[in-house]
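Line by line, the protein sequences give chains A and B. My numbering numbers the first residue of the first sequence as 14 and each following residue consecutively. My numbering numbers the first residue of the second sequence as 1389 and each following residue consecutively.
These are calculated hints, taken from the structure and not from any lab test. Among these hints, one or two may not hold up.
[Stated by the list, open to error] Dumping the calculated DSBU-like pairs for lysine-lysine here, alpha-carbon to alpha-carbon at most 35 angstroms:
| no. | chain 1 | residue 1 | chain 2 | residue 2 |
| --- | --- | --- | --- | --- |
| 1 | B | Lys1664 | A | Lys60 |
| 2 | B | Lys1486 | B | Lys1455 |
| 3 | B | Lys1436 | A | Lys30 |
| 4 | B | Lys1703 | A | Lys59 |
[To be verified] Only some residues are given here: those of chain B computed to face chain A with a beta carbon under 7 angstroms:
| no. | residue |
| --- | --- |
| 5 | Glu1654 |
| 6 | Pro1663 |
| 7 | Lys1679 |
| 8 | His1761 |
| 9 | Ala1781 |
| 10 | Arg1783 |
[What the hints assert, rightly or not] Which bits of chain B does chain A cover? Going by a derived footprint, with three or more residues having C-beta under 8 angstroms, they are:
| no. | segment |
| --- | --- |
| 11 | 1579-1591 |
| 12 | 1748-1756 |
| 13 | 1821-1830 |
Even glycine gets a Cβ: it sits at the ideal position worked out from N, Cα and C.
These are the residues of each chain, in order.
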Amino acid sequence: MKKIKLIEIAHGRSGDKGDAANVGIIAYNDEGYKILSKYLTAERVKKHFEGICLGKVERFELPNLRALNFLLHNTLGGGGTVSLKHDAQGKTLAAALLRMEIEME
Amino acid sequence: MKEKIRIASGQGFWGDLIDAPYHQVTKGHIDYLVMDYLAEVTMSILQKQKNKNPELGYARDIPELMKRILPICKEKNIKVITNGGGVNPLSCANAVMKVAGELGIKNLKIGIVLGDNILDRLDEIISSGAELKNMETGEPITSVKDKLLSANVYFGAFPIVEALQQGVDIVITGRTTDTGLTLAPMIYEFGWTKTDYDKLSAGTVAGHILECGAQSSGGNFLGDWKSIPKMAEIGFPIAEAFPNGEVIITKHENTGGRVSFETIAEQLLYEIGDPKSYITPDCVADFTSIKLEDLGNDRVRAFDIKGFPETEFYKVSCSYSDGYSASATLTYSWPEALTKAKAADQILRKRLENLNLTFDEIRTEFIGYNSCHGPLAKQLTEDDINEIMLKVAVRSHDFYSVERFGKEIAPLILTGPPSVTGFAGGRPKPSEVVAYWPALIPKSLVEPEIKIIEL
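If we strip away everything but chain A, and leave its shape as in the complex, we get (with noise of 0.2 angstroms):
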């Protein structure tokens, strides 16, 4: 079993979309790119963000970019101006997902 922290192996950019926050990863090779599309599942990422992300995940590939979009829904804090959030655009949110540490088989 090997330990990986994301932010090793990937960088990428958040925003909102409504309520809802965009978090795109992006691995810096190939070969961090089939980690992250093994591992990093939307059930992995919900998890991760519980207490933050209310609502579902949803994942997309983009493997030509060696990227994974997601789609955490309910998490802005009602999103735009109504939000009350410091980070109300969830522009932190990519960091935060780069916190999370994989254990490879």
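Keeping the supplied structure of chain A fixed, place chain B upon it in accordance with the hints.
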């Protein structure tokens, strides 16, 4: 037909680097300057300004900017396309014409795209059967109709193309998609048609890369951000477009920042949903088809982009008034900074409760500790915490409650936990909460209108 055109991004939002458009038109060759000024919340702000003064309601930076760049654009034959007309593109164009007159510029032609503002037509539109249901909640718009502040249809590239075909120097629009601003000159110059789905999608992808300004050329880059050169002189992105739909993203030489596979990939992932279906009024682009080739020297080629036909709907962005909010901060220092901030929050909440105020939400955050990453933030021991900024924000439909909240903050300094500072600027005032209502409208119910004015 031109073999290629260079389209430069001048603004990523209203409030972006003021000098960016000037650098784009002076530091190298470009054919088009495109500037996105509109965010969802911007439309409601502009509508309020227009309600107070019918001559306003557009990005007021534009006339001032044009004073600086218009002579250069005329000399170099650079066309300017912007959606900064907001809810009053006509007044914006008139203001630019006035500036041009003062500068002694001859032969200026401005194309104006109108018809996106449907606030005054809503009754007619609703009675013709369009429910304008909220895309997120499914509620019909009638539930907020009395509180609506703005209602604008997102037009795409084709109304701008129509203006360009009339030989204009500048196109000023209301609510046009950010991507349409960049796609339009490609359609116009290369003679693309409404069924060139792949090419329209390629132009749309280029538009997505350009629409947030330097966010694709090294700004806000989460990769190896410390290696980005000369961030203070960051160059904004430029799309070199070719008739076959290929696009090379670059920036002017001798500017800071970076254009690489990584910086472009980050921007492509920004604020997207299902990447197979990036819906615009012009086409549905498939972001999973995008191939990127890093050519080095701040040049990235985007190619093989696929797309599908447009849908039958325009997106409508409405905003409505939804109560009031206010927020306040206080800073607590070591020792026990976090414990003090938490105690102050509890005292404040008890006082608000004792006053029988009503709030839809009270939110407390500890800035410098976990306001960004919440439960994912690393737990620190009190001794490792030097200071904490307590932020409390409230939202209510009762104006008085929000106003009274603002009066309960400063007293915490003398009536709460010690070693507290950072209260300045007076009592926080309630501000109106502007909520957003996204909906769809059949394209047949709205018609873009092109108006040309000349000097």
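- So which of those numbered hints doesn't the model satisfy? 11
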